Structures are given as structure tokens and as C-alpha cells.
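Please arrange chain B on chain A, whose structure you already have, making use of the hints.
So the sequence lines, in the order shown, correspond to chains A and B. Per this note's numbering, residue 63 is the first one in the first sequence, and the count goes up by one each step. Per this note's numbering, residue 63 is the first one in the second sequence, and the count goes up by one each step.
Hints were generated in silico from the structure; no laboratory data involved. Remember, predicted model here, so these are calculated numbers, not experimental data. It is possible that part of the hints are untrue.
Stated by the list, open to error - The calculated DSS-like cross-link candidates involving lysine-lysine, where the alpha carbons are at most 25 angstroms apart (straight line), are:
| hint | chain 1 | residue 1 | chain 2 | residue 2 |
| --- | --- | --- | --- | --- |
| 1 | B | K297 | A | K253 |
| 2 | A | K158 | B | K253 |
| 3 | B | K253 | A | K253 |
| 4 | A | K260 | B | K206 |
| 5 | A | K206 | B | K158 |
| 6 | B | K206 | B | K169 |
| 7 | B | K158 | B | K206 |
| 8 | B | K253 | A | K297 |
| 9 | A | K260 | B | K169 |
| 10 | A | K169 | A | K145 |
| 11 | A | K158 | B | K260 |
Claimed, not checked - Pairwise CB distance ranges (calculated):
| hint | chain 1 | residue 1 | chain 2 | residue 2 | range |
| --- | --- | --- | --- | --- | --- |
| 12 | A | A188 | B | A165 | 50 to 56 angstroms |
| 13 | B | P288 | A | H66 | 48 to 54 angstroms |
| 14 | B | A188 | A | G107 | 55 to 61 angstroms |
| 15 | A | H254 | B | P288 | 31 to 37 angstroms |
Idealized CB from N, CA, C, for every residue including glycine.
2 protein chains.
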Amino acid sequence: MTEHIGFIGLGLLGLPMATNLADAGYALTVYNRTASKAEVLVARGATLAEHALDAAQPIVVTSLWDGPVVELLITPAFLDRMKGGLHISTTTMSPKLSTQLAALHAKHDVAFVEAPIFGRPEAAVAKQLAVPYAGLAEAKQRAKPILTAMGASSLFDLGEQFGTALATKLAGNFMIFSAVRSFTEALEMAKHAGADPKLVVEMLTSTLFSAPVYQSYGQRLAAGEPGLVSKIPAKDLGLYVEAAGQLHTPIANLFRTMV
Amino acid sequence: MTEHIGFIGLGLLGLPMATNLADAGYALTVYNRTASKAEVLVARGATLAEHALDAAQPIVVTSLWDGPVVELLITPAFLDRMKGGLHISTTTMSPKLSTQLAALHAKHDVAFVEAPIFGRPEAAVAKQLAVPYAGLAEAKQRAKPILTAMGASSLFDLGEQFGTALATKLAGNFMIFSAVRSFTEALEMAKHAGADPKLVVEMLTSTLFSAPVYQSYGQRLAAGEPGLVSKIPAKDLGLYVEAAGQLHTPIANLFRTMV
Numbered sequence: 063m064t065e066h067i068g069f070i071g072l073g074l075l076g077l078p079m080a081t082n083l084a085d086a087g088y089a090l091t092v093y094n095r096t097a098s099k100a101e102v103l104v105a106r107g108a109t110l111a112e113h114a115l116d117a118a119q120p121i122v123v124t125s126l127w128d129g130p131v132v133e134l135l136i137t138p139a140f141l142d143r144m145k146g147g148l149h150i151s152t153t154t155m156s157p158k159l160s161t162q163l164a165a166l167h168a169k170h171d172v173a174f175v176e177a178p179i180f181g182r183p184e185a186a187v188a189k190q191l192a193v194p195y196a197g198l199a200e201a202k203q204r205a206k207p208i209l210t211a212m213g214a215s216s217l218f219d220l221g222e223q224f225g226t227a228l229a230t231k232l233a234g235n236f237m238i239f240s241a242v243r244s245f246t247e248a249l250e251m252a253k254h255a256g257a258d259p260k261l262v263v264e265m266l267t268s269t270l271f272s273a274p275v276y277q278s279y280g281q282r283l284a285a286g287e288p289g290l291v292s293k294i295p296a297k298d299l300g301l302y303v304e305a306a307g308q309l310h311t312p313i314a315n316l317f318r319t320m321v
Numbered sequence: 063m064t065e066h067i068g069f070i071g072l073g074l075l076g077l078p079m080a081t082n083l084a085d086a087g088y089a090l091t092v093y094n095r096t097a098s099k100a101e102v103l104v105a106r107g108a109t110l111a112e113h114a115l116d117a118a119q120p121i122v123v124t125s126l127w128d129g130p131v132v133e134l135l136i137t138p139a140f141l142d143r144m145k146g147g148l149h150i151s152t153t154t155m156s157p158k159l160s161t162q163l164a165a166l167h168a169k170h171d172v173a174f175v176e177a178p179i180f181g182r183p184e185a186a187v188a189k190q191l192a193v194p195y196a197g198l199a200e201a202k203q204r205a206k207p208i209l210t211a212m213g214a215s216s217l218f219d220l221g222e223q224f225g226t227a228l229a230t231k232l233a234g235n236f237m238i239f240s241a242v243r244s245f246t247e248a249l250e251m252a253k254h255a256g257a258d259p260k261l262v263v264e265m266l267t268s269t270l271f272s273a274p275v276y277q278s279y280g281q282r283l284a285a286g287e288p289g290l291v292s293k294i295p296a297k298d299l300g301l302y303v304e305a306a307g308q309l310h311t312p313i314a315n316l317f318r319t320m321v
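If we strip away everything but chain A, and leave its shape as in the complex, we get (with noise of 0.2 angstroms):
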């Protein structure tokens, strides 16, 4: 494949999806704050570009902190750039945002696919990842491959609607959230009544909870290991609550104040 790809953001799943992306043989250009996380990539054919703006190629996938940085980077002199290309944007922002950014670039004439990424970067690395993603279906038809090739194992289709995979990543991150603070507080509740942790975590992970969240988790609690440690929680569950507009969100807003 010779498709040409910028590549914004190379973080802790930007890197391994923009790897994914070389080895399978796209040629890219790629933009990072701190360049010599480029350096792999470099040395496996990639273009560093000095400027975001050297990577307004046909075809640009960012991953990058949050909303308000993509709008930094993605100017309208970028998108005049790209004119007649897709933006498959992976950062995690809110629904609100995503729609408006979807319009600015259909007034470019850019295509735009919103695919925020489920996933560790182990998941990355193995191709393992989930993606919900929204967009005109000309457009995802066009990501599809790139997204495939980028590490995702499962895509899920959310429709042409702006803001609803970004929706459904929210919701799932508050889920997770809610899933390993909860795991860990009646891992503790069990402890103190006297059970053995690992005995707990394997009865209730093998059974009702036989997911990979509570597995993962749960291994770890059961360790003694802290659940969660990232920072995107916070951000997320930010997001979240913004993304609920008028609705009650009692559970959120406790979990707010635990972060």
C-alpha cells in the first residue's frame, strides 16, 4: 500500500497504532510535540514533520490529550490542506465538539470520522482494540481499512450521527470506572469479613462477572495492586458529565470526587 497518512499525537496509543500503521505498509508522516518519540517510526521509514502542519496529508489520523488540542492543531490552513481527504480523529473529546469539528472540516471539504479507541496500549501493540465509530458511511468506508490496520480487532458502527461513538466511549470509560471502584471496595468490605481476595476475585470473575475488565482488574486488586492509576478517568468522567447536559448523573458526580 503507498496511501500517504499524517499521524498526530504519537502518546502511549498513538505510537504503538501509528507502528501498526507502518508495518502495514502505509507511508507516513508523523507529528509529535516531543520528536524523538518519533524516532522508531523514523528508523521504519516514516517522515518526522517539523510542524503539524507538514502532516496535512490526504489522509490524517490524530490521537492526541483531549477536544481543545485537536482544535489547536487542526486550523482551517490545515484542513485548506487537506482538501478532498479524511480526518480519522481517535482523541477522546466531547460529543459537543466532535460534532462542531465535523462541520468546520465538511466546510473545507474534509471528511471526518470520529473513532475513539478502547484499549490499553498492550491492546494497541496486539491488535486488539474496540472502536466505535460515527461518521457519513462514505467516510467510515474509507477509515475502515486504515482503522483495521491501526490495531482495531472489533469496530462498531454507531451510525452518520456526530458525537455517538464519542458518546459510547464515555459511557464505557464511566463504566470501567465504575466497575474497578466498585470491584475494589467490596474486595475490601470481603477482606475485612475475613476472605482471601484471590478466592473472591476468581469465584465472581469466572461466573457473573466474566469480563476482560474484571479480570484484568481483578487480578491486580487481588495482588494488592492499585485498580485504577491513569489520569484520563478524571478528564473522562469531565466529559462525561458534560455530555449528560441536564440529566441526574449521581453515580458520576460521586466518582468525581474520588479521582
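Below, chain B alone, put in the same frame as chain A:
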């Protein structure tokens, strides 16, 4: 099999579990506050006890609303009649009360096994119950085939310390409550953001949350049906907080305001 079992409590779980025992060939003497519930078992050859004391067979299974009801029925006079026997207690109660009951049984030379049940009535009928159990090794050995015949597809040995199987059950019930209420809250947010709840449920329950608890409740929530309807969570959340003693239980405390 001609082993004689006294079965006390023919509620939503008790009735199908007793029916499974009758079908497996055990001779049953059953007792229930509302005697009419026993009809289907009497039709299968079970004896209906007029008083609870008449159900004091060498092996007794109790399936009652809460610990105080067990205390009310399993009196010293009852235990004297069971001398040398075994009581399999499936009622969800506090780990502390179960430990006290075990000591009382020991005084009367009756073995005690705590075996609280995970599973809805349909799961009892389908013999798909998950059962953590605790007690002395010999008593558990005796209880095992009976629990299996009652409908346990997964039996988890928590050890010899009483209270540990109950702590596991309280942990699991709290986690079910947490999972369902968090899922409910998250789906409302996603709907508000324009997402189709059916697609969100499909995505999340086929990836990170591919566990029975999310799959069964997710279908109901996506169809607009209420999540948890049982009265049991309120009772069990109280037992959970009690079992946690002086530990902080912010999540359970919030949930107690939500039932």
C-alpha cells in the same frame, strides 16, 4: 437416592431448588409459611410439614428472606432433633450472624455450611446457579452433591472460615447493583448525546463488558425496561455496609440513597 432432606422456605429460589432435589430422587419434607406454595412438591411426593420443627431432618436446607428469619426457625429444639446432621444455609445474611449460627450449630453437634446463591429463579430452574460456600471440609463434602442436585453449576470453596461465602455474595450483589445502575446512567447520557441505546449496548456488551450481568440487563435497558426491580438490593446493601464495619464505603452509601 433415599437421603431425607428437610427444606424450609419455598420462595422464588427455594421452590425451584427444592423441585430440583425432588427430581433428583431425594425424599423431602418441606415447610413454608404459605403452605399452598408446597403443592407442586407434594404432587411430586414431598411431605408437607405443618410446623417448621417437623422439617428437622438429618439434612436441612434453608432458603429464607434474611438471617433473623433463620434464627427464628432454627431454634435449639430444632437443632437437638438434627443431632449429627447438616444444615445447608442458603439465605443471604450478615457474615457475622452466619458465624454465630455456625457456633450455635456446633454446640448442638450439627454441621453448618453457608452457601448463598447467585442466580435468578430461571437460573435455578436451568440448574445454572453459582454458589460460593464455606464450612468445615467434611460438612462441605456432604453438602456438595446436594448443592449440585439443587442447581449449582459452579461451586466455589471459600475455605473453612464462616462468613467468607456470605462476604463474596454481598460483594457480588453490590457489584451487580453497581453495574446495572452505572449502565442505566451511562445509557441515558448516550441517548441524550444522540446515540441509539441498542447499538451502545451491543458494542459494550460484546467487548469490555461481555459478562452475563451486563448482557442480560443491557437487553432490558436498551428496550426501555427498568433495570433492577427486586427488593433484595436494599436489604443486601445494608448487610454489605454492616459487614464493612469501619471501612469507607462511599459507593455503597450512595447506592443506599438510590433504592
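Any hints from earlier that this structure breaks? Give me their numbers in increasing order, please.
3, 5, 9
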